[in-house]
Amino acid sequence: MSMLKIEQENGKGYIIDINPATLEVIDKVPLEDESEVAKKVERAKVAFENWSQLDFEDRAEIVSRAGQIILDEIDEIADLITTEQGKPLVEAITADIMVAVDIIALYSKRGKKLIQEYEIPLHLFKFVKKSKIVPRPLGVVAVISPWNYPFAIPMSGIVFALLAGNTVVFKPASDTPLIGLKIKEIFDKAGLPDGVLQVTITRGAVAERVLCAPPIRKVIFTGSTEVGKRIIKRCADNIIPVVAELGGKDPMIVFDDADFDMAVKGAVWGAFTNAGQVCASVERLYVHKKIAKDFIDAVVEETRKIRVGNGKSPDVDMGPLVNESQLKTVQEHVMEAIEKGARVLAGGVRREDLKGYFYEPTVLVDVNHSMTCVREETFGPTLPIMVFETEEEAIRLANDTKYGLTASVWTRDLKRGERVAKKIEAGSVLVNDHAMSYGLVETPWQGMKESGIGRSHSDDGFKEFLFPQHINVEQISLKNKPWGYPYSKEKYELFAMAQRLVFKKGLMPKASEIYKLVNELRTNENFRNMLKNLR
Numbered sequence: 020m021s022m023l024k025i026e027q028e029n030g031k032g033y034i035i036d037i038n039p040a041t042l043e044v045i046d047k048v049p050l051e052d053e054s055e056v057a058k059k060v061e062r063a064k065v066a067f068e069n070w071s072q073l074d075f076e077d078r079a080e081i082v083s084r085a086g087q088i089i090l091d092e093i094d095e096i097a098d099l100i101t102t103e104q105g106k107p108l109v110e111a112i113t114a115d116i117m118v119a120v121d122i123i124a125l126y127s128k129r130g131k132k133l134i135q136e137y138e139i140p141l142h143l144f145k146f147v148k149k150s151k152i153v154p155r156p157l158g159v160v161a162v163i164s165p166w167n168y169p170f171a172i173p174m175s176g177i178v179f180a181l182l183a184g185n186t187v188v189f190k191p192a193s194d195t196p197l198i199g200l201k202i203k204e205i206f207d208k209a210g211l212p213d214g215v216l217q218v219t220i221t222r223g224a225v226a227e228r229v230l231c232a233p234p235i236r237k238v239i240f241t242g243s244t245e246v247g248k249r250i251i252k253r254c255a256d257n258i259i260p261v262v263a264e265l266g267g268k269d270p271m272i273v274f275d276d277a278d279f280d281m282a283v284k285g286a287v288w289g290a291f292t293n294a295g296q297v298c299a300s301v302e303r304l305y306v307h308k309k310i311a312k313d314f315i316d317a318v319v320e321e322t323r324k325i326r327v328g329n330g331k332s333p334d335v336d337m338g339p340l341v342n343e344s345q346l347k348t349v350q351e352h353v354m355e356a357i358e359k360g361a362r363v364l365a366g367g368v369r370r371e372d373l374k375g376y377f378y379e380p381t382v383l384v385d386v387n388h389s390m391t392c393v394r395e396e397t398f399g400p401t402l403p404i405m406v407f408e409t410e411e412e413a414i415r416l417a418n419d420t421k422y423g424l425t426a427s428v429w430t431r432d433l434k435r436g437e438r439v440a441k442k443i444e445a446g447s448v449l450v451n452d453h454a455m456s457y458g459l460v461e462t463p464w465q466g467m468k469e470s471g472i473g474r475s476h477s478d479d480g481f482k483e484f485l486f487p488q489h490i491n492v493e494q495i496s497l498k499n500k501p502w503g504y505p506y507s508k509e510k511y512e513l514f515a516m517a518q519r520l521v522f523k524k525g526l527m528p529k530a531s532e533i534y535k536l537v538n539e540l541r542t543n544e545n546f547r548n549m550l551k552n553l554r
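Residues in the sequence shown are numbered consecutively from 20, following our numbering.
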């Protein structure tokens, strides 16, 4: 949760944008009130009419230009991400920028096939009717994004929305407003028509009221489960669909046959990349009893090598937490674990020698599922490690959570890896890697249980921005439909016989129905007349 710093000046509110590594003020960004946000929604609604009518190629050309501008300004964008959010420059350029550039490049081409009409083959009425699906843009889409990946996450939703023909109102996180404004600047330079992408810097409560109500047609939210539930409830009141990517408490399972060094490095990177502020980071690690001692020792040794500091420095591996609130959450989770018997083998303290919101990467053992650091999302640089003995126990422990975003299984036996993966309740399970699947933009990013609904990335994620309208066309004109008025005993018998003839199994039952039908035609004049009228 952000501890939003606001300053009033001449009756106007301003966000005080803080560099989390230095605690210096970066800028003061004006806050928009409810009426200003509503006006932006209306402008997006007006812009939808023309934008949605453009050919896909015309929309894709503008979006592609935005991708080229990102590449031209890559150093400036990476520097801004690190300044405002804190992650090291290498992470800014890979996890944030590269994902955005890749999704633009791929779906500016791939998206065309996803908006094409396609026929649905019918079986019962295939000679008289034709059905097809016409993918249509939704209208105005709200994108509400978090601060942990302030470039990649919103760009994913914005790019898909624009390519599909929607217009967008985008609310960036209050901790990273300048990155949100930079995204708008990039699309403006690319020639995006006025009104198609609106960026609003406003309080969360204002965004929830305005962006979860008509004329918004869909909300794309990424953030905490707590806020996500509020968003979903507000949208439910207005029957507005939601894609919600929420929290995680992602498990890593290390079997005794795992590639030892690879698993150690994977655990440390998976837990501490972006200072652990990743919904898919390793927040629980289960290691097989046979290798537990050596594995834990190696993880501790590797963790102590992590260089903590200002992400602007090229030799820094881990930056600060984004704000004081996030730092306090980490401190509280670690202190509670210690009070309940956990031991800290590395870290466990704030870096008092550094000015910003820095916390040492922390390894915890003797933890269990009663502790907050194991049950609730920490979203910080902590790695609780537990021991298991059997495959079944590892699966049970991994699934003992209300979350289900990602997980990983580490083993040289790839058949076992896949077998275990299929039993884990998570939207994505990786074998011998962790967390990086957000960079596989062709694959769905999704959660089970309280980790979310809907999906981003992938063709399925693109389709979240389209409405699959069904159109059915009569091919043979029947003045009197078989199911229409007037009803009669003969019509009832016709449909009863027809259903038994089509759906009854076995030749003898079908032959019996044919005999009944022939007999009715031969002996029942009303039946014959009823059939004559079905023309």
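In short, the hints are calculated from the structure, not lab data. Hints may contain errors.
[Stated by the list, open to error] Result set (DMTMM-like, lysine to aspartate or glutamate): computed pairs, CA atoms no more than 25 angstroms apart in a straight line:
| id | residue 1 | residue 2 |
| --- | --- | --- |
| 1 | LYS24 | GLU68 |
| 2 | LYS359 | GLU408 |
| 3 | LYS441 | ASP336 |
| 4 | LYS468 | ASP278 |
| 5 | LYS508 | GLU532 |
| 6 | LYS31 | ASP46 |
| 7 | LYS58 | ASP91 |
| 8 | LYS151 | ASP478 |
| 9 | LYS347 | GLU371 |
| 10 | LYS482 | ASP256 |
| 11 | LYS308 | GLU412 |
| 12 | LYS482 | GLU68 |
| 13 | LYS203 | ASP121 |
| 14 | LYS128 | ASP46 |
| 15 | LYS331 | ASP280 |
| 16 | LYS284 | ASP316 |
| 17 | LYS324 | ASP336 |
| 18 | LYS128 | ASP98 |
None of the values given here were measured: they were computed from a predicted structure.
Consistency of the hints with the structure:
no., hint, in the structure
1, LYS24 / GLU68, "violated, 38 angstroms"
2, LYS359 / GLU408, "holds, 23 angstroms"
3, LYS441 / ASP336, "violated, 33 angstroms"
4, LYS468 / ASP278, "violated, 31 angstroms"
5, LYS508 / GLU532, "holds, 17 angstroms"
6, LYS31 / ASP46, "holds, 15 angstroms"
7, LYS58 / ASP91, "violated, 32 angstroms"
8, LYS151 / ASP478, "holds, 19 angstroms"
9, LYS347 / GLU371, "holds, 14 angstroms"
10, LYS482 / ASP256, "holds, 23 angstroms"
11, LYS308 / GLU412, "holds, 12 angstroms"
12, LYS482 / GLU68, "holds, 20 angstroms"
13, LYS203 / ASP121, "holds, 18 angstroms"
14, LYS128 / ASP46, "violated, 38 angstroms"
15, LYS331 / ASP280, "violated, 29 angstroms"
16, LYS284 / ASP316, "holds, 12 angstroms"
17, LYS324 / ASP336, "holds, 9 angstroms"
18, LYS128 / ASP98, "violated, 29 angstroms"
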